[in-house]
Each structure stands twice: as C-alpha cells, then as structure tokens.
Amino acid sequence: MLSDFLRHELGLTGTHVGCEHGVCGACTLLLDGDAVRSCLLFAVQCSGCDVRTVESLAGQRAGEGAATEDPLHPLQEAFREEHALQCGFCTPGFLMSLVPFLERHPDPSDEEIREALSGNLCRCTGYQNLVAAVRSAARRLRAEPGEPDAAS
Amino acid sequence: MSGKIGSAIKRREDPALITGRGRYTDDLKLPGMLHAAIVRSPHAHARIRGIDIAAAKASPGVHGVFTAEDVNAAGLPGMVPVGWLLPELKTPPHPILASEKVNHVGDAVAVVVADERYQARDAADLVEVDYEPLPASSNPKKTTEGAQQIHDEAPNNIAFDWEIGDRAKTDAAFAAAAHTVEVDLTNNRLIPFAIEPRAVIADYDGDRGAITVHMTTQNPHVHRLLMCLASLGFPEHKVRVVAPEVGGGFGSKIHHYADETIVCLCSIKLGRPVKWTATRTETNLTDAHGRDHVTHAELALDEGGKITGLRVETWANMGAYLSTFAPAVPTYLYGTLLSGQYDIPAIHAHVVGTFTNTCPVDAYRGAGRPEATFVVERLMHLAGEATGLGPAEIRRRNFVRPDAFPYETQVALTYDSGNYEPALDRALELVGYDALVAEQAERRKDRTRPQIGIGFSNFIEACGLAPSAVVGSLGAQAGQWESADVRVHPTGTVTVYTGSSSHGQGHETTFAQIVADKLGLEVDQVEVVHGDTDKVQFGMGTYGSRSAAVGGSAIARSVEKIVEKSKRIAAHLLEASAEDIDFAGGKFTVKGSPESSLGWADVTLQAYLAHNYPDDLEPGLSATTFYDPSNFTYPFGSHICVVEVDPETGNTRLLQYVAVDDVGNVINPMIVEGQVHGGLAQGIGQALWEGTAYDEQAQLLTGSLMDYALPKIHNLPMYTLDRTVTPCPHNPLGVKGVGEAGAIASPPAVVNAVLDALQPWGVRHLDMPLHAEKVWRATQA
Numbered sequence: 446m447l448s449d450f451l452r453h454e455l456g457l458t459g460t461h462v463g464c465e466h467g468v469c470g471a472c473t474l475l476l477d478g479d480a481v482r483s484c485l486l487f488a489v490q491c492s493g494c495d496v497r498t499v500e501s502l503a504g505q506r507a508g509e510g511a512a513t514e515d516p517l518h519p520l521q522e523a524f525r526e527e528h529a530l531q532c533g534f535c536t537p538g539f540l541m542s543l544v545p546f547l548e549r550h551p552d553p554s555d556e557e558i559r560e561a562l563s564g565n566l567c568r569c570t571g572y573q574n575l576v577a578a579v580r581s582a583a584r585r586l587r588a589e590p591g592e593p594d595a596a597s
Numbered sequence: 075m076s077g078k079i080g081s082a083i084k085r086r087e088d089p090a091l092i093t094g095r096g097r098y099t100d101d102l103k104l105p106g107m108l109h110a111a112i113v114r115s116p117h118a119h120a121r122i123r124g125i126d127i128a129a130a131k132a133s134p135g136v137h138g139v140f141t142a143e144d145v146n147a148a149g150l151p152g153m154v155p156v157g158w159l160l161p162e163l164k165t166p167p168h169p170i171l172a173s174e175k176v177n178h179v180g181d182a183v184a185v186v187v188a189d190e191r192y193q194a195r196d197a198a199d200l201v202e203v204d205y206e207p208l209p210a211s212s213n214p215k216k217t218t219e220g221a222q223q224i225h226d227e228a229p230n231n232i233a234f235d236w237e238i239g240d241r242a243k244t245d246a247a248f249a250a251a252a253h254t255v256e257v258d259l260t261n262n263r264l265i266p267f268a269i270e271p272r273a274v275i276a277d278y279d280g281d282r283g284a285i286t287v288h289m290t291t292q293n294p295h296v297h298r299l300l301m302c303l304a305s306l307g308f309p310e311h312k313v314r315v316v317a318p319e320v321g322g323g324f325g326s327k328i329h330h331y332a333d334e335t336i337v338c339l340c341s342i343k344l345g346r347p348v349k350w351t352a353t354r355t356e357t358n359l360t361d362a363h364g365r366d367h368v369t370h371a372e373l374a375l376d377e378g379g380k381i382t383g384l385r386v387e388t389w390a391n392m393g394a395y396l397s398t399f400a401p402a403v404p405t406y407l408y409g410t411l412l413s414g415q416y417d418i419p420a421i422h423a424h425v426v427g428t429f430t431n432t433c434p435v436d437a438y439r440g441a442g443r444p445e446a447t448f449v450v451e452r453l454m455h456l457a458g459e460a461t462g463l464g465p466a467e468i469r470r471r472n473f474v475r476p477d478a479f480p481y482e483t484q485v486a487l488t489y490d491s492g493n494y495e496p497a498l499d500r501a502l503e504l505v506g507y508d509a510l511v512a513e514q515a516e517r518r519k520d521r522t523r524p525q526i527g528i529g530f531s532n533f534i535e536a537c538g539l540a541p542s543a544v545v546g547s548l549g550a551q552a553g554q555w556e557s558a559d560v561r562v563h564p565t566g567t568v569t570v571y572t573g574s575s576s577h578g579q580g581h582e583t584t585f586a587q588i589v590a591d592k593l594g595l596e597v598d599q600v601e602v603v604h605g606d607t608d609k610v611q612f613g614m615g616t617y618g619s620r621s622a623a624v625g626g627s628a629i630a631r632s633v634e635k636i637v638e639k640s641k642r643i644a645a646h647l648l649e650a651s652a653e654d655i656d657f658a659g660g661k662f663t664v665k666g667s668p669e670s671s672l673g674w675a676d677v678t679l680q681a682y683l684a685h686n687y688p689d690d691l692e693p694g695l696s697a698t699t700f701y702d703p704s705n706f707t708y709p710f711g712s713h714i715c716v717v718e719v720d721p722e723t724g725n726t727r728l729l730q731y732v733a734v735d736d737v738g739n740v741i742n743p744m745i746v747e748g749q750v751h752g753g754l755a756q757g758i759g760q761a762l763w764e765g766t767a768y769d770e771q772a773q774l775l776t777g778s779l780m781d782y783a784l785p786k787i788h789n790l791p792m793y794t795l796d797r798t799v800t801p802c803p804h805n806p807l808g809v810k811g812v813g814e815a816g817a818i819a820s821p822p823a824v825v826n827a828v829l830d831a832l833q834p835w836g837v838r839h840l841d842m843p844l845h846a847e848k849v850w851r852a853t854q855a
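Residue numbers (the numbering used here), protein chains in the order written: chain A, 446 to 597; chain B, 75 to 855.
In case anyone wonders, no lab produced these hints; they're calculated from the structure. This one's a predicted model, so the numbers in the text were calculated from it and none came from an experiment. Check each hint, because a few of them may be wrong.
[To be verified] SDA-like, lysine to any residue: derived pairs with alpha carbons at most 25 Å apart:
1. B:K848 x A:D552
2. B:K786 x A:P516
3. B:K84 x A:L476
4. B:K84 x A:R580
5. B:K103 x A:R580
6. B:K635 x B:D690
7. B:K103 x A:G456
8. B:K103 x B:E356
9. B:K848 x B:H424
10. B:K131 x B:K216
11. B:K786 x A:H550
12. B:K84 x A:A503
13. B:K786 x A:D552
14. B:K216 x B:E162
15. B:K848 x B:D690
16. B:K786 x A:S554
17. B:K84 x A:P516
18. B:K641 x B:F612
So that you can see chain A by itself, here it is in the shape it has in the complex (with noise of 0.2 Å):
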C-alpha cells in the first residue's frame, strides 16, 4: 500500500492510517493534486506522480526570508486556533482534504465544507471545529494572494 510505502519506508509517518478500507480518510493524501487514499493504492500505482503528504504543508515560505518564522500553512494555524484537532490522529487527513478543496472553493459555504469533508472521520471534535478553521482558513488564504500551495 502507498500509505505503508510511506510511513514504513521513507518514515513519513504523518501520514495515518486508520481503517484500511478508505472509509475513514485518515491516510489522504495529494496524488498530483487531489486528495486521495492512500490506503487504497499501491506504491507502484503511483510511480511518476507527484505526492504530497502533511508534512509537506508546512514551511513551504521557507523560501520567502522572514516569513520563516511563521512556516505553518493557514490551514494548519486555523486548525490551531479554532482547536479543530484533539487526539490529532485524523488531522493529517482532514488537512489534505482540504487543501485542494479550499483552492477550488476559495470562499465555501458551511454547506459546501460539510460536502467536502464528509469523508473524512474524527471521532473526538464533534466536527463543528472543523467547519469553523475552515471558515477561517479561506479567509486567511483569499488574504494572501499568491500563497504557494500544496499541489502547485
């Protein structure tokens, strides 16, 4: 599997898994762009492709001088400040979820952002967290034009 070729070879362990059969979505990851499961792909599926995992998402202004100090992706600074995470075993998840959908939807409804999350599991939120840091980070990221992204 791509999620074990991850986590187990290269120990990029950011990437979780929790069911194994692509419902929970607690593996998702971008596979040139999109958020997919890594749980239901095998490693070779994806020779020649770009992934990306959680660990890419942050420090990607390390290139940007001084906005060093500041290296979290505004996904991940909503998720923080609106206390979207508790065990944070499903973050990673939810975080690659989001990040194609916030570029296709810059400005989402709370209707929208349920449609886009709802595969994705967290059994300690009770969601409504969720829906708030993702309302925040669209905003942060309208904010910021020309903010590179995950899948760029």
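With chain A fixed as given, assemble chain B onto it according to the hints.
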C-alpha cells in the same frame, strides 16, 4: 492568580500534530523489529480440537508461531484479570490465548511473527484450528433463558445479580401512585471507535530480564500493574509501559487486553522487538464495546406530578469475559445515578450481568451514566405526557432544590452541590422554546408535513472517579486518587509529572495553565510530562472525566506546598517571618513594606544554592501529591434537542442542539467546549446511527466502517453551548470534569425529540438507533 486559569490558551500539543510530527505507537520503528498477526476465532462459541501451526511456521519470513502451550512454557501466568469485584461475582478464567474453547468471534488462539506485517498476516491464515462449533448467544436477557452454557463457573450465564435501593419502599410507592409510566428499552451496543487502532510494541531485554512496552493506553501504570499481577507476571520494576501520542480512547484504551501480553510473549520468545497493530476489523471485534442493556423501568408519581418511586430492572451484557472494569459499569456507575437531578423518595434497581458470546463490554465514554440518564430522562418525557405537565414543568417540579445540598439520594450518592433550574431556564431561552411549540402545533395540523420534535435531557454524572476508600468498599481493585510531582528548577521554570495520561484532552496545556496561574509564570515556562512509567510516579490515568478534577487537583496541591516552602525561603532572605510574606504575580513581598520584595527566580535559585538559607529547611523545591478526593464531583446540565422528522422518508434532521452545562470552574474554555462537542457527537451518533449488530450465531455484522455508522460532518448541526458555574466545593480548583457530559446527556435529548415529533402517530417508544427505516415504519402504523 495571574489569569491563566480561565483563558482559552491555544494548545501546545498542536504544532506537532498538525505537521505530521506527532509520534503514535504504530509510527515507531525499533531496530530489528518484527511484526505480529493474531489468529482469532471465526466462531462465536466452539471447542478447540487441535491447532496445527506447521504450515504457518514454514511460511516465508516467519520467525515464530505461538499458542497457549508457549505461554505456559514461558512461565507466564497468561490470564486477563478483572479489576472490579462484586459480591458473588463469577470470574471465569480469560486466558490470553485460548486452548480449549473460544467464547467470541475474535478470541485469540495463536500469534504469528514475521519480518513483515503482510507475511505475518498471510501466515496467520495458514494456522489450522480444528473447531467444534457450539450454539451461541448474544442477547443479554435471552442468554439467561436456557441458552448454551458459556462458562462452567456461571450457571445460566449469569455473572452477577446486583441490586440497590429499597424494594419494599419502592413497591409501596407504586401501590399508592396517582400516575405511573413505564418503558421497555434497550441501550444499544456501541463500538468506541478511536480512529487510531490499538497497537503494541514489546521490546524484551533478556540481560536485564526487563521489557519495554509502547502501547495505546489511557493509563500506563494501571496497564503495567494488571500485566504484572495477572498476564505477564514480571516484577513491576522490570516493566516499562510508555504511551506515545494516543489517537483517541473513549474508554477503549483503559482496559487490559490479551493482545499486549501476547506481543510481549513474542518478544520474549524471539529476543527482538515485536509490533502488532490491529486492523479495523480487529478493533471492531475486540475493542471492549459499550452499553448493551435491556431494561424495564417504571416511574410512580403523585397527583401533582411529584415523583414518588422509580423501579428498574436491567440485563447488562458483559460479553464473553469480564473486562477490566466491566462489573462496575452497570452497577456502581449506573444504579447509583438513577436519581438523576430529581428528588426521588424511593428507588429500587435490580441488575443482572450476563455472559454472551460477544466481545466483552466495558467502560465507554460515560460508562453507566449514559445508560442511567437514558432511563430516567425517557421516563421523564413519558411522565410529562402522562400528567399533561409537559417536559419542562415535570422536571421543574422534581428537581432537587438548591438549598437541599448536600443531597443524599436513595441510591448511595451524596450530591455535593447543584442548582438545576437556572440551566433549564437558560436552555429554554437559547432554544426559543415558545416559538418552537407554536411551530410544532402548526405542523401537527397536517401529518404529511415534516414534524417538529423537542427533546429534553437533564443529566447528572458522578465523575472524577474517587475517593479510594469508597470505590474500594464497592469492589475496585485499585485506588482512585491521582498523583502529581511538581519540580521547580533552580532558574524558576517548572516540570510537572502527572499520573493522568492524555490522549487528546490537551493536558499539556491545561495542567501548565494551573501551575502558571498559581506561580505567576508563563505557560511556556511549565513542561508537562505524562504517559511513561519510567518517568512518572504511579498514576491512575485518564478516564471518568477525572483528569482536571483529580489530576489537576493533585497538581494544585503540589503547587500550594511549593508556595508554602518558597515563602519560608523568601522570609529568610527578606528577614521577615513567613506569615508576613505575600506571594502574588510571581513576587514575594513583606506585608506592609512593598519595597521589600523578591522575584520568583531569586527564591528558586536560593532553594538550590542553599547558601543563605533557613536552618530548619531542606534545600530543593519540589512537591509530590497523591490527591484522594473526599467525594465524586457532580457535573450537570440541561440539554434541548430540536429535530424535524419527515414522515415520508423517516429521516431525522437536527435543527438545533442546545447544551447548557455546569462543569464548575473552567480552566481552558476552548478545550472544555471541544470536549462537549465531541461528547455530543458520540451521543447523537448512538441515538441516530450507531448500532453494533450480532446475528443469531453471534457473528458480528458491523465489523467494518461499511456497516457501522459513525457520525459524519454532514450529519451534525452547529451546537449552541452555554454554561452555568456551580463550583465543586471540595477540590482546590472547583472543577468537576467535562469529558463525558455530552455523551451522557445527548441520547435521551435526541430520542425524546424524535418521539415528540412522532406524537401525532401515538408512538411511545422506539429503540436506538433511530435510523430512517425504523422511524418511517412507525409513521406507517
């Protein structure tokens, strides 16, 4: 006090968790590590005629295949213990690997260890177990009615027969009642479903005769103790249990499972580290489930709607074996809560705990208290209808009055404090009750339209599990205090070692706030260490909403001791008497002469230099506390759920959920609200979607996420939260605990709402989960 308590400080846990740098058990990789797969019974009940491991042993990459014989040969006691005893409790043996008989699907029979996880799993399929299937049972009541005997020690599959309250007095109340209402209900079996599956890495050091176990646990010391006493048999000082990041627990990671000792056996036999991570189906089959009651309950009332008696008969499913705290859940955590928020003069509850061929049932978020609240609040709903008083007034007339505290219930608890009516008033105001009732009446004129339902739940819980002497007298095989070692460093920063063990609750933030507040420090000047038996003194761990109330209080007590000692050092340096020293905002001043002062770090440094120091004082500045509370804490609240039920589809839409909780003082409101949100989602899930199903042969039908419906983000509304504050009078922080409140309160709020919507069809009761088909059928009657 420097205002750190009460602030919504952002969590210090988050930076690692949002960047993928958190380290959970399955993320760890030790040099030379092998992988285990556990062979589990596909039968619910069967005799084992033989086990053939030859083909598995010869499979590629396999290093060893072990069965019960190897447990005995290695000299391990090999038994999974039960940690709470009741009078005449039947405690049949629970071997870590079955050799004679399996008693539920998922019972462990053998273990295979290989270089890779997939090799181990493939080889596990090659273990040939010759089973002779036996008839099986899964229903907690029917199992006592002539079903196949499961354990020789437990005739009629009865584990215990327990009662509380006064039967004669209660019967007399019913004989004299003006109104009675009754209900037959089930409390549906739930799968806890932490998103992180359970996992264990055992690393045996043959030279030292010691073993290190990294595992998904809510209570590392309790796990170590139970393993040393019953399953592993090592001396306690030779076992280190470490909880890395833990991805949710909800009770399921309290319990001692066979698996951790099976993995230890593998490491002992092979002399290498061995990892096991459950598959999702394994977690559904073996993580101790929650609830599963069959109950008949009746309420007696006088002419004015005042409750005069409550009578409850419950069959509680224990599953195939008694899990760690299982016997306590449907007894002392259930029967004792049946008075709810109400002044009830006569109560009697009879509970029969039974064995079935199902996964063991144990504490799951709320543990007994949701079941009790469900019984009481369903009856209150029915009583409101039967008396014509309605849901708000029937509750008002029966609340324990604010001047009646401490209030002794008829079921052994003394509520220390409470003030129930303001929470109800606030909830009614927030939900917009009068307008809703008008809208509901309008809709009821046309039964084809979607109907509005309004459901109430006024809950109480006893939490902060404690005090030790009380729980000991009730059968607990453990104390229920909590420990804290607070160490002040020479430069004034602080490290806290807590016996609580966080798995998502944000202790590293909350506990640092307590210390920072009381010592006038910044939160970043306080480090919190937890979850490692080699680093932290014995502690009881995190469950039962006890971390802030018991663990936090232990920290507060240690800080008080430190302040006391540091005042004496300051007094010496300032040439004053200790009684004349004030300490506030990190500064020591002499009363009446504010120019005479010292900073915190001046004093902490002197505590370690001891150059200019009181003769009668030891150097150093640290304090350990084992805090044992004098009572439980009693959080309460008033929840109102509003639903819209479409009779055409049976679908229930949540329109509003208002929760007014009283958890006492609040340390971090952001974290407290997050706990309420999460609890609500779990309770709403139980009410509407979640249900564990076994078939006639006790085969689990909900072994994956394809068949077990967890609440998803599009199912749930935005919650409306508020609080009243009635501080706990007996702990130093005035906090009561919040982890379970939402899960306790919400199932009856939702069910009462749906049944209120179904009132035009005369439906009195439906069992959870209230999925669309069930509701639709009710509207077709």
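Taking the hints in turn, this is what the structure says about them:
A C-alpha spacing of about 38 Å is found between K848 (chain B) and D552 (chain A), which places the hinted pair above 25 Å, so the restraint is violated. Between K786 (chain B) and P516 (chain A) the CA atoms are separated by roughly 31 Å; this puts the pair beyond 25 Å, and the hint is violated. In summary, the hint linking K84 (chain B) to L476 (chain A) is not supported, as the alpha carbons are separated by about 32 Å, beyond the 25 Å threshold. Our distance criterion of 25 Å between C-alpha atoms is met by K84 (chain B) and R580 (chain A), whose separation comes to about 18 Å.
Restraint check for K103 (chain B) and R580 (chain A): the C-alpha separation of about 37 Å exceeds 25 Å, so the hint is violated. With a C-alpha separation of about 16 Å, the suggested pairing of K635 (chain B) with D690 (chain B) holds against the 25 Å cut-off. Between K103 (chain B) and G456 (chain A) the CA atoms are separated by roughly 9 Å; this keeps the pair inside 25 Å, and the hint holds. Note on K103 (chain B) and E356 (chain B): the hinted pairing holds, with a Cα-Cα distance of about 22 Å set against a maximum of 25 Å.
Pair hint K848 (chain B) plus H424 (chain B) does not hold up; C-alpha atoms about 30 Å apart against a cutoff of 25 Å. With a C-alpha separation of about 42 Å, the suggested pair K131 (chain B) and K216 (chain B) falls outside the 25 Å cut-off, and the hint is violated. Between the alpha carbons of K786 (chain B) and H550 (chain A) the distance comes to roughly 21 Å, so the proposed pair stays at or under 25 Å and holds. Proximity of K84 (chain B) to A503 (chain A) is assessed by CA-CA distance (about 18 Å); at most 25 Å being required, the pair is judged to hold.
A distance of roughly 22 Å separates the Cα atoms of K786 (chain B) and D552 (chain A); the hinted pair therefore holds under the 25 Å criterion. Distance check on the hinted pair: K216 (chain B) and E162 (chain B) sit about 21 Å apart at the alpha-carbon level, within 25 Å; holds. Taken as a hint, the K848 (chain B) and D690 (chain B) pair is broken in the structure, with Cα atoms around 74 Å apart against an allowance of 25 Å. This hinted pair checks out: K786 (chain B) and S554 (chain A) have alpha carbons roughly 17 Å apart, not beyond 25 Å.
At roughly 17 Å between alpha-carbon atoms, K84 (chain B) and P516 (chain A) fall within 25 Å of each other, so this suggested pair holds. Of the supplied pair hints, the one linking K641 (chain B) and F612 (chain B) is violated, its CA atoms being roughly 29 Å apart against a limit of 25 Å.
Hints 1, 2, 3, 5, 9, 10, 15, 18 from the list above are not met by this structure, while the remaining hints are.
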